[in-house]
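Protein chains in written order, with the numbering used here: chain P, 1 to 423; chain H, 1001 to 1423.
Check the hints yourself; a few may be wrong.
Only pairs whose alpha carbons sit at most 25 Å apart, straight line, appear in this in silico PhoX-like list of lysine-lysine [what the hints assert, rightly or not]: (1) P:Lys-129 - H:Lys-1169; (2) H:Lys-1125 - P:Lys-148; (3) P:Lys-125 - H:Lys-1148; (4) P:Lys-200 - P:Lys-173; (5) H:Lys-1125 - P:Lys-125; (6) H:Lys-1129 - H:Lys-1169; (7) H:Lys-1129 - P:Lys-125; (8) P:Lys-148 - H:Lys-1200.
If you're looking for bench data, these hints aren't it; they were derived computationally from the structure. Predicted model only: the values in this text are computed from it and were never measured.
There are 2 protein chains.
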Amino acid sequence: MSLLDLNADQLADLATNVRRDYDELKSRGLKLDLTRGKPSAEQLDVAEALLELPGKGDHVDADGVDVRNYGNLKGIRDIREIWAELLGINLDQIIAGDASSLNIMFDLVSYSYIWGTNDSERPWKDEEKVRWICPVPGYDRHFTISEKFGFEMVTVPMLEDGPDLNAIKELVKDPSVKGMWLVPMYSNPSGITTSDEIAKGLAEMETAAPDFRIVWDNAYAIHTLGDSFRTSTNVLDYAEQAGNPNRFWYMSSTSKVTFAGAGVSFLASSPANLAWYTGIAGTRGIGPNKVNQLAHARYFGDAEGVRKVMQRHSDILAPKFRAVLDILENRLGQYEVARWTEPEGGYFISLDVIDGTASRVVELAKEAGIALTEAGSSFPLHDDPNNRNIRLAPSLPPMAEITEAMDGVATCVLLAAVEKLGA
Amino acid sequence: MSLLDLNADQLADLATNVRRDYDELKSRGLKLDLTRGKPSAEQLDVAEALLELPGKGDHVDADGVDVRNYGNLKGIRDIREIWAELLGINLDQIIAGDASSLNIMFDLVSYSYIWGTNDSERPWKDEEKVRWICPVPGYDRHFTISEKFGFEMVTVPMLEDGPDLNAIKELVKDPSVKGMWLVPMYSNPSGITTSDEIAKGLAEMETAAPDFRIVWDNAYAIHTLGDSFRTSTNVLDYAEQAGNPNRFWYMSSTSKVTFAGAGVSFLASSPANLAWYTGIAGTRGIGPNKVNQLAHARYFGDAEGVRKVMQRHSDILAPKFRAVLDILENRLGQYEVARWTEPEGGYFISLDVIDGTASRVVELAKEAGIALTEAGSSFPLHDDPNNRNIRLAPSLPPMAEITEAMDGVATCVLLAAVEKLGA
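With the sequences and hints as input, model every part of the structure.
Right under this line is the structure:
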């Protein structure tokens, strides 16, 4: 029965029970953490063999070049081929870097800011104002980059099939709107996958700024929670066909495939965009860690090898996500005090609680020893206008901790709700 | 006998002989390369064991943290401790990054440009002019960075004990002079080591700009060509004692210790500078490749382990440098048409030929199939005002190629000289 349908006595009874549950929760002295999308030790163990690769005597790439020496800004073909196949992208449109795709995203923005993109009339630093489209809820580290560069962040809602294309089409009529963040598959935090239609619309739409860019951060391209893999939309082809070849900076990485922060990152884009990027990256350095790239290529073998690895991750992660969803349903379903996503992949469950109570839920959980991602953190400037969204990250803790933490979170959601209703 | 002391007939005879030598050289169809300071395959083999490290089951750092997961912008203590001891720097003043110290140098300049340093009155992009001191001859990739950011590069000569301190002291009276490049030990390309006195002078001097920085790129700190190791000057202490704690950005890396471009880089500086850097680097990313850092720590064991590795490099490199110097002396010594450095460490020999002939020497060598670093490349904007300097990099080719190439280079130096004298 919805909380809103309870009469005063029923609500008071519930409040008493919930407060008792919460006191009991606090008395347990928990220390649990559902904050960040980190892989668990069990997941990291999947790639344990990588710790001894490429192995003695194995240091020559597919082009016959010694990976132990300087050079090759584009990264080695061995790993680029595997990733190109996985994403369905032409080999000559993808380059492999060091461990962090976030590093590359920051650099793309930074280079554009200082020198302008290959399509810019002037460096972005010399624009009176730069505005940036942020689908919400979204990835906090994206928003932190645009904040750091002083861009005015404009939000658009994530709908069921991706970001609100109509809202975006309106916004890009403004030439000061220079870019947009997007996690197109199993988005952070809502798990939404942008449809081919929306992707095509983003590729085709006219923009007032000639140097408008979409950071297509396909961080979870192969991070299924099921037994099959979605096909990644080839937005580079859509953009090329639409006459907007330079629209997308397409990102990917192995961070949640092998080791987080110690893998290989990828930038896929038009030849012109890649030439622009490597032109500056070649002043910043001589080339990426090719030994690590070869180790990864050896570990995977081929694209099918990557999918096998990801199936093992799915086997570990899916039960954790199931457990979170079951507890949310069992504890909160009847009261209609929350909505949550049921993602088919990725690292997060997005939980919407009663408007105005998200920060209170996080506070209550913290007092009970359960760390949740700060309320509002999936919004630019940490400002969730409805104070309703909480990002749940079930990957890191072991199953027993997840169930205990989520049961506690459910209690906190209920308590915040009854408080809000004045009970 | 000096070329200048030859009478017309003697000079004509020499010219005939040299032209015959050069024609013979060209007829050999060589394809040799003395351009870049890359380690040889034999050197890279020294660290072959690293290719299978850290090894299965070894993924926890000295602080008990799993290196396979996200985090730790400062890098792991295991490798920081080793490098701190090698350089004689406090552990809390050194952080470990990804493979390339050049990447960090670029970022330091870039962050200062966009946001200003921790001591800046405004971002460097908002200064009317930024000037940058470049000791010459110097490292081309340094100069390329300052050029890319539009800084006006001002040269000072490298003297026998380091850069010309008096000239620098004059320049830094100008508040638009914001920084300076320096390779303090076995400098690129002249092999000069900056004395403690000059280092102290640089630490103590007054500068008009409150945010003046010296990029102290100690790339060759342990790259001896002998049997012993110099002690690195602790400029951070000098700067602290002089009341200029934030003056130095101190760089180091394992690039020519283990694998070039696949090692670990280091930034050492004051706590305030490190806090400023990590404050921005923390928006750029989550942390460095700690798996690779642990692999390096395991490979070295300790600071003494690093020295043992470097002794093996010295054993490989020293005979190559000896061979180059012997050929220069035997072929050119009597004619007094060139001067060269005899470095005790590092990767380069700096060759000065007769003024106005360096580019001709490089051209002649190229026509004979011997690639030399472009003339002028050790100067900002590739502009060697005397057209006299050539950087020789003997590390990469095997010994037989070095002797053949250098013998050819000597012929080219002589030919350019007799041409210059009109013979």
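Violations among the numbered hints: Of the numbered hints, 1, 8 do not hold.
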